[in-house]
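Here the protein sequences line up with chains A, B, C and D, keeping their order.
Going left to right, the first sequence walks through residues 175 to 370 as the numbering used here numbers them.
Going left to right, the second sequence walks through residues 939 to 1085 as the numbering used here numbers them.
Going left to right, the third sequence walks through residues 230 to 454 as the numbering used here numbers them.
Going left to right, the fourth sequence walks through residues 922 to 1147 as the numbering used here numbers them.
Incorrect hints may have been included.
One-sided excerpt, in silico: chain C residues whose CB lies under 7 Å from chain D [claimed, not checked]:
#1 A387
#2 R388
#3 G389
#4 L397
#5 F446
#6 D453
Just so you know, these hints were derived from the structure itself, not from any lab.
Quantities reported herein were computed from a predicted structural model and do not represent experimental measurements.
From the three backbone atoms N, C-alpha and C, an ideal C-beta is built for every residue, glycine too.
Each chain is listed here by its residues.
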Amino acid sequence: MEAGSAWMLTGPNGSGKSTMLRCMATSLKPHRGHILVDGTDLWENRQTLRAEIAYLGHELHVWDDLSPRQNLQAWNRLGRFEVDVDALLERVNLEPHRDHPVRAMSAGMKRRLGLARLLLKKPRLALLDEPFGALDPEGRELVLDVIRELRTSGTTIALATHLPRIGAQACTHGLALEAGQLLWAGTASGLLERLP
Amino acid sequence: MTEAWKRRLFALAALTVAGGALTYLSMGDLGENLVYYWSPTELHDAPNALQATVRLGGLVVPGTMNWDRDNSHVTFDVTDGNKTVSVDSSSNPPAMFREGIGVVVEGKLGGDGVFRSERVMVKHSNEYQAPEGDHQENWKSSIAGEE
Amino acid sequence: MNVIRQTFEVLRKELLVEWRSPARVSGLFFFALAMLLMVAFASPTEGILRTQAGGTLWISLLLASTRSMDQSWSTEMEHGAAEGMLLWPVEPVAIYYGKALANTAILLAVTVAIFPLMVGLYDVPVRGDLSMLAAIAVMGCAALAAPGTLYGLITAQARGASVLLPLLMFPLVVPALLAASRGTMVVIEGDPMLQGSSWLSLLVAFNAIHWSLSGLFFGRVLEDG
Amino acid sequence: MPKWEHIAGLLGLITLIVGHYLGLFWAPPERMMGDVGRLFYVHVPVAMFAMLVFCVAFVGALGYLLTSRMEADWLNEAAIEVGVVMNVLLLMLGSIWGKPTWGVWWTWDPRLTSATVMLLTFVGVILLRQATQSPEKRATWSAVATVLAFVNVPVTYMSVKWWRSIHQMQSTPETVSEPMVFVFRVNLLAMALLMTWFIARRWRIAKHRAMAEAPAPLPPAPQVTS
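Same shape as in the complex, but just chain A:
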């Protein structure tokens, strides 16, 4: 995967999209085989490589009792990033809710917060698992925008989705998985043509 490329993973439920992303995020240890990053084993060097990988999965990695602002500030401090949290909240349209506890927010709002959290980190590899889920059309546009922006700054993207038509708008490559096996690999537009 070259820098700045974006790979879209599609496939039916249980085909291994999420598992693959979790392995790449070092959230799961691969049972067999290895993932190589610049020629070195990802799992063996996970402590250093984690700083360069950002992952937005089904779990949003937020604290329910804190507000979006407090959440982002906490992650900001933990990672020693110096990001303007308020500007970020404005970017994902959470400004009006910034001081309410996350617990009271809708699923779509929480997704936006997850996206903002992803943007705190300046990763070399961003992993997005079903990023369009629970989002309205405006939110989906936002995700696509974020992907394009990350790509221009040289970040490689891997994205798992069952909405390939939306994903293809920002992706370069496409992969189709089924039952843990790679069925097809090529360009994102090529993948779209092959879909029924």
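Start from chain A and add chains B, C and D according to the hints.
Quick look at chains B, C and D alone, frame taken from chain A:
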């Protein structure tokens, strides 16, 4: 310093601290202070010994034992070789109880200097010896008398 | 150093969560208070209450602490924030010490609130040294928090967590419970055998063992969990 | 495939019968305790092997933490269960011995307390194992819990030296008279053989269970079309 070395260093430090604490437990003054029972000398020297329920341990002084089996009453002196405390117990000690043996008694020291106890336990030494002469016969008869 | 800074940030985050939802600390307080009252109702005489005060206090705190450790990790697991910290990456050691320090602070707050109530309800005299009492309270709470934070993470992911955590924790903290209860009694009743400092050193040794070993293993548990 | 441990088990049973015959009928009664003193030949080997078996569990736990090999986890599982049985036996025998000699079934002295705590911590580890589905998690958690529980084992062993206790100190060949030492050693050997048998059997059960619950291997990867 690489990650692996930092990890090893932390592991080493953690094990040293834990090991040090265990060593302290074994070497420190804890053993002398947090005891299951007190010696007669310690009981004499304790500033407020009168209030508390404590355990007293020592040897039964030969010739001081006075055992009224029917009324479950026994008096004897306990010594550690230095100080001696008189014990008055209102329960029957176990069959092994005899003069010269180690005992632990639980109770309170009264104002008259007599230790009043409701529980007498015998402390056996770590020696296991074959009997000499008729000792064993005595022992068997004392068991029989008890049960 | 990075790890120390991260520990501080985790601690700060924990305390912020407590501040935003104070229901947890107040819940613990009322839990411990209810324990004290129940023991009082179940006791035949008030004299027994007085001689058992130290033990009752620490049993209440122990039971409250198992609730506390449970909740401490359930908020963390709700949206996978614990894994999020691991991947961020935050050093596992920092996550452990941050959370364990926060749990110590919470227990200590409960202790501070509950102790005067116990003195009043049980009609306990306080004859001994208050600084000794403070030291025993700090060390006792730390001794409950160290293994509790580690086992809380384990049982939060296992079946039947609410039963399992006490079963794992109780036998492990027996020396600490013993030392804290006896040490508290020494402060309450006066110290006939001058044992106070020895109980305190036993607590310190217990803390040294468990704070270091739990910190050592925590990363492994979090990573494999 | 012949199982070597059965030989150990058979020898152990024979030695146990011989050792108990010697202990009950051949050895002289103890000077102070009389026939009750014969509990020495059972209680002390059981105590020694309860702690030794927990040491084996500790080795298994460390082995798993360092190598992540499931074999070490099976050893941990096997030794903990055998150790818990031995620990229960130890407390029961000690209690039976305590009544006629000390005069009480039970007292909260340092040795008795720490031996009880030892039992409870390892029972906790067994319960933890049962509450965990994933083999890897189970292995890691139980290894960590075993190491923490094991801290208490040396404390139990040393408790009679560190604290003044009603329990006597460890005996040595110097404090036990000649024929008694011999009978004791026969019983010790019996216990060693039996423990080897138990742990090896339990290890095999753990292995078979792990094999049964392991997922079927994946089929080979097909060629990619692009």
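Hints, one by one, checked against the model:
Annotation: interface hint on A387(C) holds; nearest CB of chain D at approximately 4 Å, less than 7 Å. About 5 Å separates the beta-carbon of R388(C) from the nearest beta-carbon of chain D, less than 7 Å, and the hint is met. Interface hint at G389(C): satisfied, since its Cβ lies 5 Å from the closest Cβ of chain D, which is below the 7 Å cut-off. Satisfaction of the interface hint for L397(C) is found here, the shortest Cβ-Cβ separation to chain D being roughly 4 Å, below the 7 Å cut-off.
The beta carbon of F446(C) is positioned within 7 Å of a beta carbon in chain D (closest approach about 4 Å), and the interface hint is therefore held. With its C-beta approaching chain D no nearer than about 4 Å, D453(C) sits inside the 7 Å limit, and its interface hint holds.
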